[in-house]
Amino acid sequence: MADATLDQSLDHRAATVAARRHFLTRLVIYGLLVVFAAIYLIPLLVVVLNSFRDQQEIARNGLISLPRSFRLDAWGQAWSTYCIGGTCEGMQRNFYNSLKMTIPATIISTAVGAMNGYILSKWRFRGSEALFTCMLLGVFIPGQISLMPWAFILGNLGLSNSVYGLVLIHVIQGISFTTLFCRNYYVSIPDDLIKAARIDGAGFWRIFRKIILPLSSPILIVTVIWQFTGIWNEYLFGVVFTSGQQQPITAALVALTASGTNVRAYDVMSAAVLIGALPPLLIYLFGGKYFVRGLTQGAIK
Amino acid sequence: MSTLTIRSLRKNFGAVEVLKGIDLEAQNGEFIALVGPSGCGKSTLLAMIAGLESVTSGEIRIDGRLVNSVAPKDRDIAMVFQSYALYPTMTVRENITFGMESRRVPKPQQDEAVKRVAAFLQIEPLLGRKPGQLSGGQRQRVAMGRALVRDPKLFLFDEPLSNLDAKLRVDMRTEIKKLHHRVGKTTVYVTHDQVEAMTLASRIAVMHQGEVQQFDEPATIYNRPANMFVAGFMGSPAMNFLPAELSEEGGRPAVALQTADGKTASLPIVQALPSDTPRQLILGIRPEHIYRFDPDLARRKPGIAQIDAVVELVEPTGAETMAVLRLSGKEITGRFDPDGTPGMGETVTLGIDMARACLFDPTTQRLI
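Residue numbers (the numbering used here), protein chains in the order written: chain A, 676 to 976; chain B, 37 to 404.
Source of the hints: derived by calculation from the structure; they are not laboratory data. Backbone N, C-alpha and C fix where the C-beta goes; we use that ideal spot for every residue, glycine too. You may find that some hints are simply not true.
[Unchecked claim] Pair ranges (Cβ atoms, derived): (1) A/R968 with B/P144: 38 to 44 angstroms; (2) B/S44 with A/G813: 43 to 49 angstroms; (3) B/N199 with A/F800: 26 to 32 angstroms; (4) B/A202 with A/R968: 33 to 39 angstroms; (5) B/N199 with A/W880: 26 to 32 angstroms.
[What the hints assert, rightly or not] Simulated pairs of lysine-lysine, BS3-like, Cα-Cα distance not exceeding 27 angstroms: (6) A/K885 with B/K214; (7) B/K221 with B/K151; (8) B/K166 with A/K797; (9) B/K151 with A/K885; (10) B/K109 with A/K797; (11) A/K885 with B/K166; (12) B/K56 with A/K885; (13) B/K299 with A/K885.
[Unchecked claim] Where chain B lies over chain A, by a calculated footprint (3+ residues, C-beta under 8 angstroms): (14) 865-876; (15) 879-893.
Work the whole structure out from these sequences, hints included.
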C-alpha cells in the first residue's frame, strides 16, 4: 500500500517535469515561428500602411513609420487616374489585360494538361513515355531561352504587342507543368476502372468525362492555382512582347516606377503593387487548403 | 447459348513469351477455372478473352465468332475485377447502369434491370450509396451486379475473392457457386487458390509458365494429375513425392523404398504399367492417403502397403492433424485423425493406399 502511494507521487513529479519541458520546447518553437513570420510580413505591412498614408507624410517621416493619417486616395489614383507613360488611366486597363491573359491561358493550359495527362497515363502508346520525357524538359527550360523563338513566332502570327500573343505563350509554356501534374495524378487512378469502363462500352471521351474528370478536382485545383499565380505574376514576356496599353499589370508596375516625374509617389506605387498582388493572394486564400491537399493526396483513398 | 473456344493462342510482350499456345474451350453454361501460381499467364489470358490485351497469334471465338480484334464492348462479355473497379464517384445505381447508359438503353428498361439485379443480389438498400461507403463484401456484390445486369454471353472473373478476408471469402465462394447455378452463364474464373478452383469449376485449366498443364474435371485433376507440377499445385498440404525404384514382389510390379532402419521396403503397384516404364520413378502420395496401418484397414481396402517411418513433427489443426514423417530420407506429410495421431519421435507403421498413388517419370515429370 505504502509502495503504491510512493510510486504515485514519483509518477506525479515525473509528469510535472515532462509537462514543463514540453511547455518550454513549445515556447521556443512558437517564438521562432513568430520571428520568421514577422520577417516575412513586415515588408508587406510597410507597403500596406504606405498605401493609406499621404505622400507628404511619407516624404516627411520616411518610408518606414506608422501612419498619421488614413486616406484611400492613393488606391483610387492607382486604379484609375495616375499617369503612366503619358496616359492617365491608372492601372485598371493593365489589370484587365492581366485578367484577359491569365484566365484563358489558365483554363486552356489546364484543359490541355488534363487531356495530355489522361492520354499519357491511361492510353499509352509506343513512344508515349519518350514523348512525356520531352514534355518534361519544358519544365526545366527557363523562359529567357525561348524569348527569341517566341518573338519570331508572334511576329509571323501577327500577335506581337497583343494580349492574345501572351495567352498563346503562357498556354504553350504551361503545358509541361500541367501535363506533369495531371499525368502523375492520373497514374494513381487504377487501370481497372478504365478496363471496366471499356467493357461497359464507354469510349475515350466518355471515360474522360464520366470517370476521370469527376476524380480530378484535387489536381485541377492545384493546376489552376499554379497556372493562375504563375501567369499573373509573369513579367518577362509581358515586358518584352507588349507595350503601353497592351501591357499586363506586372509590366505596367515597372513602367510606373520608371515614369519619371521628380517626385516618387510612394503612396500610389504601394497601392498599385497591392492591386497587382491581390488576385493571386485571393486565389491562395480560397484555394490554399485544396492546394496542399491536392499535392499530397492520391486519386482514390 | 454461348461457348468459348481458344486455339493455339500466343502472347508476347516484347521478347517475352507470356502465353505459349493455349487451347481451351468452354461449353454452354460451363464454369471454367484458370488456376496457377502468379506469373503463369492466367490473368493475361483472361484479359485477352475480354479484349483488353491484343492477340499475338492464335484465335479466340465466342459462340463461334472470331473476336481477336473485336473491341471489348462488342464482345458481349462482363467482367468482375479483383479490385472490383467500381467507379468511385458514382452511386451503386449509377455504377450498375453505366454500361447500359453507354449503350443507350432506354431509361425504363434500365430501371427494370437495376431492380431485377438488386433484388437478385439483395443490394436494394445500397443503391444510393457510393462505393467508398460499402464494405468489401458489399462492393463484391455490386461488382457482380454490374456484370449481371447486362445479361452477357460470357462472365469473366479475375480473382474476385482475393481481397476479402478468409471467412467472407468462403461465404462469397458459396454465393458465386449458387449464382452460377441460377444464372447458368458460361464463366471463366481466374484464381490462384486451388480450393476455389476445385469447389467452383466444372473444369479446371491448371496453368504454369504460359502453358496449360492440364485441362480437365476437378476430380481428374486431383486424382490423376497429368504431371508433377499439377500434382504439387493442387491440394494442400501438397502431394508427397518420393524417389523410388521399380522392382518386383511375388511376380507383380512394385516400387522399392528405403525405410527408416535402412532396409528396403517393397510397395506393390496396383495400376497396370506400360511396357516402357523407366526403372527410376517418383512415387506421389497425397497426405490423406497415408494411414496408421492396422490389419482391419488392410482387409477393408485392397492395395494398402505397409512401411515404417519416424514422426518428426506434429501439427494439429483441429479437424485433422498433419504429421511430418521421415521416409526414405525425405520428409513427407500425412493427414491423420486427431484421435489416432502418432506422437513425435515415434516410429509408426504406415499404411499407404497404393490404389490412389501416382507414379511419375522423373525425367519428363509426366504421370505414368
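Ascending list of hint numbers which this structure does not respect
6, 12 and 13
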